[in-house]
Amino acid sequence: MNIFKKGKTYLWAAIIAAVAAAGFFFATAGSSAETVAEVDGTSITKDDLYNSLASMYGAEATESLIAEKIVEKEAAKENIKVTDKEIQEELDATIESYGGEDAYKSALESSGMTEADMKEEVKAYLQTVKLLESRIKITDEEINTYFEENKATFATPEQVEASHILVEDEATAKEVAAKLADGEDFAALAKEYSTDTASAENGGELGYFGTGEMTEAFEKAAFAMEAGEISEPVKTDYGYHIIKVTDKKKAEEASLEDSKADIKETLKQEKLSSEYTTWLEEKKKEYDIYNSFE
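Numbered per the numbering used here, the sequence shown finishes at 319, counting up by one with no gaps.
Keep in mind that the hints are not guaranteed to be accurate.
To be verified - Within a straight-line C-alpha distance of at most 30 Å, the following computed DSS-like cross-link-like pairs (lysine-lysine) qualify:
1) K273 - K199
2) K274 - K285
3) K98 - K162
4) K293 - K162
5) K260 - K275
6) K274 - K216
7) K285 - K245
8) K289 - K148
Said to hold, decoys possible - Restraint-style ranges between C-beta atoms, simulated for each label pair:
9) E140 - T302: 28 to 38 Å
10) E238 - D207: 30 to 40 Å
11) A118 - E193: 29 to 39 Å
12) S280 - G208: 39 to 49 Å
13) A180 - T303: 26 to 36 Å
14) Y263 - F318: 25 to 35 Å
15) T261 - T302: 43 to 53 Å
Source of the hints: derived by calculation from the structure; they are not laboratory data.
Note that the structure is a prediction, hence the values are computed from the model and not measured.
Beta carbons: idealized from backbone N, C-alpha and C, even for Gly.
The task is simple: from the sequences and hints, build the whole structure.
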């Protein structure tokens, strides 16, 4: 399995799916005549299931496990250590890439993976990165070329940071607005009144957003406000919003200096991807490997 992909969400989504598939496949090993399903009195046995999965996923799952075992042995040989702190930092970045704890846990749950499974995958990933890092070289010329070819993606559009309180009807919106006018706390009222469950517990915080990310009426109101302002009720298809703008960022052109770290990480992931394949084939020649699917 090639574990290096551009974009962390894609990377870990691919790993979660692969581990889930491998786990399901190998859970059926040691097959039997136990019936797992029936069609009009005809049994489908665990043997049938195993043979079907072996035909579809056996070769890929086995190759993946062979690769993991080689990484594990090479890491031990090179005395490569991965700390709990490094694993947690990678997990935190992964959770952020999924859009938060809830989305991340949902992905794990749907795959049948546990947090412990994910930590093992993160550890294997970090071991692989450390094994390959000395083979990766990124030049200033490569960074400059990538920047020029992708300059637009590094520009910062105008953004607004805002919180909101979403309610179902105008009467409730006016009630909340009156309480705000009397000096009551916005975050506390968001927790009490907002029907947007995704943001209510965080005091209605939505973070930064640019144009085209929110519904039109909401966006128009937010971008017209100054930092610190609270809007009158704004009607959208979702209900009535009371918006509080907490910060604004002006649009900025892309800067090579500001983009270097991101570009270097992107190029590193791209090179790791191709280098991993080469490295793995080299290492396979050093081990006595038996694979029944070959």
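In this structure, is the beta-carbon distance linking E140 and T302 contained in 28 to 38 Å? Hint holds: Cβ distance 29 Å, inside 28 to 38 Å.
Determine whether the Cβ-Cβ distance between A180 and T303 falls within the hinted range of 26 to 36 Å. The hinted range 26 to 36 Å holds for A180 and T303, with Cβ atoms some 35 Å apart.
CA of K293 to CA of K162, is that 30 Å or under? Distance ~8 Å between K293 and K162 Cα, so the pair holds.
For a C-alpha distance cap of 30 Å, please report whether K285 and K245 respect it. 33 Å, violated
Against the range 29 to 39 Å, how does the distance between the Cβ atoms of A118 and E193 compare: consistent or not? 37 Å, holds
For the pair supplied as a hint, K260 and K275, is the alpha-carbon distance within the 30 Å limit? 26 Å, holds
Does the Cβ distance between E238 and D207 fall inside 30 to 40 Å? 32 Å, holds
Can the restraint linking K98 and K162 be considered satisfied, given a maximum Cα separation of 30 Å? Holds. K98 to K162 sits at ~25 Å (cutoff 30 Å).
Within 39 to 49 Å: is that where the Cβ-Cβ distance between S280 and G208 falls? 42 Å, holds
So the hint says 25 to 35 Å: do the beta-carbon atoms of Y263 and F318 match that? Violated - the Cβ-Cβ distance for Y263 and F318, about 52 Å, lies outside 25 to 35 Å.
A range of 43 to 53 Å was offered for this pair. Does it hold for the Cβ distance of T261 and T302? 49 Å, holds
If you draw a straight line from the CA of K274 to the CA of K216, is it 30 Å or shorter? 27 Å, holds
Taken one by one, the earlier hints fail for this structure at numbers 7, 14, listed in ascending order.
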